[in-house]
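A.B. asks: First residue of the sequence shown? That's 1 in the UniProt record's numbering, and the numbers climb one at a time after it.
Hints were generated in silico from the structure; no laboratory data involved. Don't be surprised by glycine CBs; every beta carbon is placed ideally from N, CA and C. Worth double-checking, as some hints may not be accurate.
Unchecked claim - Simulated crosslink set (SDA-like; lysine to any residue; CA at most 20 Å straight-line):
#	residue 1	residue 2
1	680	759
2	86	125
3	607	680
4	79	52
5	315	367
6	499	538
7	663	631
8	583	666
9	499	465
10	495	475
11	663	612
12	85	46
13	612	641
14	216	146
15	146	93
16	625	698
17	406	367
18	93	51
19	364	300
20	539	527
21	614	631
22	221	242
To be verified - So the derived label-pair ranges between C-beta atoms look like this:
#	residue 1	residue 2	range
23	475	286	29 to 39 Å
24	294	210	22 to 32 Å
25	263	743	57 to 67 Å
26	452	551	17 to 27 Å
27	613	263	22 to 32 Å
28	46	224	50 to 60 Å
29	610	305	41 to 51 Å
30	676	551	17 to 27 Å
31	610	577	20 to 30 Å
32	223	610	46 to 56 Å
33	232	294	17 to 27 Å
34	734	642	26 to 36 Å
35	245	167	26 to 36 Å
36	749	642	26 to 36 Å
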Amino acid sequence: MYRFCFLALLFLLFRGTAIAQTTLTNCHPDDLATLQAILEMQELQNEEDRSKLPWTIDAAQGTFQTTDGTNTVEWDEEKSPLRIKKLSVGSKKLKGSLDLHKLTALTSLVCYDNQLTDLNLNGCASLLDVKCMYNQLTSIDLGGCKALQELYCNRNQFPSLTLSETSGLLILNCDENRQLKTLDLSGCKALKELTCTNTQVETLDLSNNPALLIAKCYHNKLTNLNLSANAALEQLHCYSNQLESLDLSDNPALVELRCSSNKLTELDLSANIALEQLYCYNNQFAYLDLSEVPTLKRLECSSNQLTKLDLSQNKALTHVYCSKNQLTSLKGSPPLNTLTCTENQLTDLDLSNSPNLSKLNCSKNQLTVLDLSKNTNMRRLDCTDNHLSSLNLTTMENLWEPKLSKNRLSFESFQTPGYSKWDREFTHIYPQFQVRLTENPFLTTGETIDLSSQKEIYGQASNYEWVNNNNEAVAVDTEAEPNDEAPVRQIETGKFQFKQEGIYKCRISNNALRTWGGFRDQFIETEPYTVGQTTITWKLPASITYGEQLTLEASTNSSSKINFEQIISENSSQIEGTVLHAKEAGLITIRATLESAGDYNALTIEKQILVKPKALTISPDKQIKEVGKDDPELTYTQEGLINGDKITGNLVREEGEETGTYKILVGTLDAGKNYKMELKEVLFTIAKLLDVEKEHRISFAPNPVQDQLRLQGLTAGSNVELVNLSGTVIKKTVAESGSHVFNCSDLTKGMYLLRIDGKSIQKIIKR
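Based on the provided sequences and hints, a complete structural model is requested.
C.D. replies: The structure is reproduced here in structure tokens:
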């Protein structure tokens, strides 16, 4: 021992001393020239840089000198002249292109962790392995490298990789080539291990790789994967792609499958009778049949859409993780050791046929009963956030710190063994569970909480202790010990009132449940109660429009109901429940009232909202008259009237009787304060007789009409309409020829306007 320490000390003292110089003669000139070129590629900070290659080369004399003790260059001394057999220049700060095509005797190359951009190995027929990872390579020439068996070119910058001449390749690792889009493996007939992950590859052709045993192609962009030619495949890692289907019917030797985080909706494993590990979480499975996979040992199928999972036929299955599904039924397996089934919809869980179960996490389900009487080997248990009202753990002598919070457990309904063994020592079962007493754990100052149901256990009085959010004890104001500054006041045993804002929990213990050996008492703990002032959070838009409805939404940190009312009675808008009906334009004041409850008063908040007038569009009909004649009635159509509202008054036009055009104006037209009127610009025309006749060349008869109105002189494609005096279109058509007949027998008596292409032509009387 002392001798070993002495030698180690000598090594530390003299590790910086140069190793004895080695000189070789009769070296091949091509090999020496290649080494000289490598020396010139180094980019060193100074001559003392530890990355400096310790070579001295005399090409004229054929000599090579080195003081390197790490064998960066290994020569084949059986050849004459000497040839380089192995070259190791990793982490030597080499930059640029590395050309080694003249090293025809090279069998092994290590050049990782440099700044190389190109690597030429063309003609290196003896090369067996290459480790060129952690560079900046964009190209590699492996022409003639038929003996190559291992290629590690991961973490480079290849845009594409073609290995058509490496027929002897057994292992390929091109991981973390972030620019890689195409990978040609057609020449790799002997390939057994492939690692092609974290790339941009969208298609992967493995049809020429029948010897493939391991395929790792995760974190790519694959949408399809054909494995029909890979019958020997044992491991497949294809997770985090974009696969929508996966056919494994030709892969009977498959032992491990990792296909998580894809878009798979189904998975047929009937042909994979050797499968031991299945990772298929984060897909879209609604059903998973594992009955024909008897060798399965581990299953991870979380984050799918499974509603049922039957594992009763999987006699080798020991570990199951099936959280975040929609499971309502789960059947375990006999050898099951670990089960995690959180965040499902389980109402019951039968684990009676799994006596070896030691770890169970069934939290966040809907369990009302949990029978663990057969699971005597249980060591870890988490069943928080369920609906359990009773739980018997008396058979679990090895259980350690079960997590039982957010259930409906009380002292009477919770049973534990008298003591527990842990690492050969007696230890306390520390339940850490909470009493779920309210769905809304917010209380206000002055409000009372009732915990008196736990005040006595087996004839002994319970002890109540209040703590804050930091688990620090807080004072309690009692009749026996008055304390005006205490944040909690005890009204009577088990009933408390909060006097100050804060976050509080109550721990309830009882000597009737004291464990062996003087350990701490068991206790139950309430959920945290946030005590504060009551608030209403209410966001109201600045305005709505006449005729609209608005749902009034407000939230509160109290469990009381919020009521809404309008407090300005002059406006006819109404509130029904939580819906505001805007029935009149104007400013409205709305009051939100939080009902009083317990020992605190009602809270009110008032906000204002503006009901804006609704847009009303008036479109005058185009009119024309002969000079000197009386004006026709200015008619129009409207868009925007609601609720049976009416328009009063008439349109007018600009003054003037000369030939020309005149703007049509609003005049006395009015729809009330609930509307904002917009008049479209239309011109009124005064013309000579010839122009009027041209405009009115269309004839119609009879007028007045009872049954049929015949029109002549139409232009094909014209829009022909009959409109009532309110502007509503009653009948319309598109003229297919110069004539058309309107059936007017179903019209009510009165006056109508004949309108062609938006122009009012003539009044029509219906009798």
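A.B. asks: Kindly indicate which numbered hints from before are broken by the structure, ordering the numbers from low to high.
C.D. replies: 3, 4, 5, 6, 8, 11, 12, 14, 15, 20, 21, 23, 26 and 27
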